[in-house]
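K.L.:
So you can see what is in the structure, the chains are spelled out below.
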Amino acid sequence: DAKTTQPPSMDCAEGRAANLPCNHSTISGNEYVYWYRQIHSQGPQYIIHGLKNNETNEMASLIITEDRKSSTLILPHATLRDTAVYYCIVRVTGSARQLTFGSGTQLTVLP
Amino acid sequence: EAGVAQSPRYKIIEKRQSVAFWCNPISGHATLYWYQQILGQGPKLLIQFQNNGVVDDSQLPKDRFSAERLKGVDSTLKIQPAKLEDSAVYLCASSAGQWTLPTNEKLFFGSGTQLSVL
Numbered sequence: 001d002a003k004t005t006q007p008p009s010m011d012c013a014e015g016r017a018a019n020l021p022c023n024h025s026t027i028s029g030n031e032y033v034y035w036y037r038q039i040h041s042q043g044p045q046y047i048i049h050g051l052k053n054n055e056t057n058e059m060a061s062l063i064i065t066e067d068r069k070s071s072t073l074i075l076p077h078a079t080l081r082d083t084a085v086y087y088c089i090v091r092v093t094g095s096a097r098q099l100t101f102g103s104g105t106q107l108t109v110l111p
Numbered sequence: 001e002a003g004v005a006q007s008p009r010y011k012i013i014e015k016r017q018s019v020a021f022w023c024n025p026i027s028g029h030a031t032l033y034w035y036q037q038i039l040g041q042g043p044k045l046l047i048q049f050q051n052n053g054v055v056d057d058s059q060l061p062k063d064r065f066s067a068e069r070l071k072g073v074d075s076t077l078k079i080q081p082a083k084l085e086d087s088a089v090y091l092c093a094s095s096a097g098q099w100t101l102p103t104n105e106k107l108f109f110g111s112g113t114q115l116s117v118l
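Read top to bottom, the protein sequences are chains A and B. The letter at position 74 of the first sequence is residue 74 when you use this note's numbering, and the numbering goes up by one with no holes. The letter at position 63 of the second sequence is residue 63 when you use this note's numbering, and the numbering goes up by one with no holes.
Same shape as in the complex, but just chain B (with noise of 0.2 Å):
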C-alpha cells in the first residue's frame, strides 16, 4: 500500500517569499491533515480536511497560510509571505475514517516537508 506523498523534501527560500507544498494522501482516505512542527516539539495541526470540505482550520494563521484540496484528493498548503518563523517540517497526515462515525481513527503520515526561511 502506497504511503502519504510530500514534495517537495526540502525548501529553502528567503522571507517574504511565497512557498507550496503538495500532498498526496493514501487512495481512499477522506480526512487530510497538515501540521507544522517546529524544530524540538510536537506536531501542531494547521488543518483539517473531510473530503474536500474544511473540518477546522483554527490555528492556521490565515493571514499568510492557505490550504485546498480540490475534488477531495490531493492537498496544496501555500505559505505567502513567509516569516522567519515559519521555519519548519510541513506534515500532511490522512486517515480512513469518517469523523462522524465512532471509529478509532489512525493517522498516516507522510515524510515531510522542512522549510527554511531566511
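Bound-form chain A, shown alone (with noise of 0.2 Å):
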C-alpha cells in the first residue's frame, strides 16, 4: 500500500473550515483514500473514503485531486469535539491488507 504524508498537527479556530492535507504521491490505480480520526482515549473512528470523486458524508468532504497524489478533508465547522489526531490511509480495497496507520496529523481547536 502506498504511503501518506501528513503535518504532525494544524490549529483551526472554532467554527471555521479545518483543511487537513495528505500527500500519496505513489498511490496506485486501485487504491482507495481513508480517514480515520482518533479522539484522545478512543479508538479510531472512520471518517469518509474516496477513490478519485470528491465525497461528502454528515460528518466531512474529501477532496482528491485529479492526478490522485493528494487529498483533503474538510471539516466544514469545526467544533471542540473535533480535537483528534486524523489518520489518512491508502489501501486497497477488497483485499486482505489491513490499514497501515502512519503518525497521522494532530488537529486542535482553538475556542
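A few chain B residues facing chain A, derived, Cβ under 10 Å:
1) Q37
2) L45
3) A93
Only pairs whose alpha carbons sit at most 20 Å apart, straight line, appear in this in silico EDC-like list of lysine to aspartate or glutamate:
4) B/K83 <-> B/D63
5) B/K71 <-> B/D56
6) B/K44 <-> B/E105
7) B/K44 <-> B/E68
8) B/K71 <-> B/D57
9) A/K3 <-> B/E105
10) B/K106 <-> A/E55
11) B/K15 <-> B/D86
12) B/K11 <-> B/E85
13) A/K52 <-> A/D67
14) A/K69 <-> A/E55
15) B/K106 <-> A/E58
16) A/K52 <-> B/E105
17) B/K106 <-> A/E31
18) B/K83 <-> B/E14
Residues of chain B placed beyond 10 Å of chain A at every Cβ, according to the derived structure:
19) Q17
20) S18
21) V19
22) A20
23) L60
24) D63
25) F65
26) P81
27) D86
28) S116
Hints are computed from structural coordinates only; laboratory data are not their basis. Remember, predicted model here, so these are calculated numbers, not experimental data. All residues carry an ideal CB built from backbone N, CA and C; glycine is no exception.
Put the two chains together into one complex; each comes in its own frame, and the hints tell you how they fit.
P.N.:
Below you can see the structure in the form of C-alpha cells.
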C-alpha cells in the first residue's frame, strides 16, 4: 500500500473550516484514500473514503486531486469535539491487507 | 447498534507476568483485528482474523503473544511473559466485509485496553 505524508499538527478556530492535507504521490490506481480520526482515549473512528471523485458525508468532505497524488479532508464547521489525531491512509480495497496507520495530524480546535 | 466491547479498560502488571485482553466485536462482523498503539504512534496491526481463521499475523511477536477467536465471535489476546516495551494500548476492531469481496471496508474500533508493564 502507498505511503502518506501529513503535517504533524494543525490548529483551527472553532466554527471555521478545518482543511487537513495528505500527500500520497505513489498511490496506485486501485487504492482508495481513507480518513480516520482518534479522539483522546478512544479508538480510531472512520470518517470517509474515496477513490477519485470528491465525497461528502455527514462528518466531512474529501477532495482528491485529479492526479490523485494528494487529498484534503474538510471539516466545514470545526467544533472543540473535533480535536483529535486525523489519519490519512491509502489501501487496496477488497484485499486482506490491513489499514496501515502513520503518525497522523494532531488537529486542535481553538475556542 | 452496540459497538466493539473490550475489557479490561486498564491493566497494570509487572514484567514477566502474563496478561489477557478480551474483545467482543459488533454482531455479525466476520473480520476482527488486534492493534497495538504505543504512545505517540499510530496503531500497528498485530493479527487479523476472518471468522475463526487467521488471515495475517506477520507482525505478531509469536514468542510471547498469542490470540484466538473461538467460534468466530469474540477474541482473546494474551501476552506471556510481558516485557516493559509491551506497555501500550491494545485496540480491537471489527469489520463486516469479507476480504474476498470488493467491498469498501470500514473498521469499527473499541476503546482499547491500556497496559502498563512495570
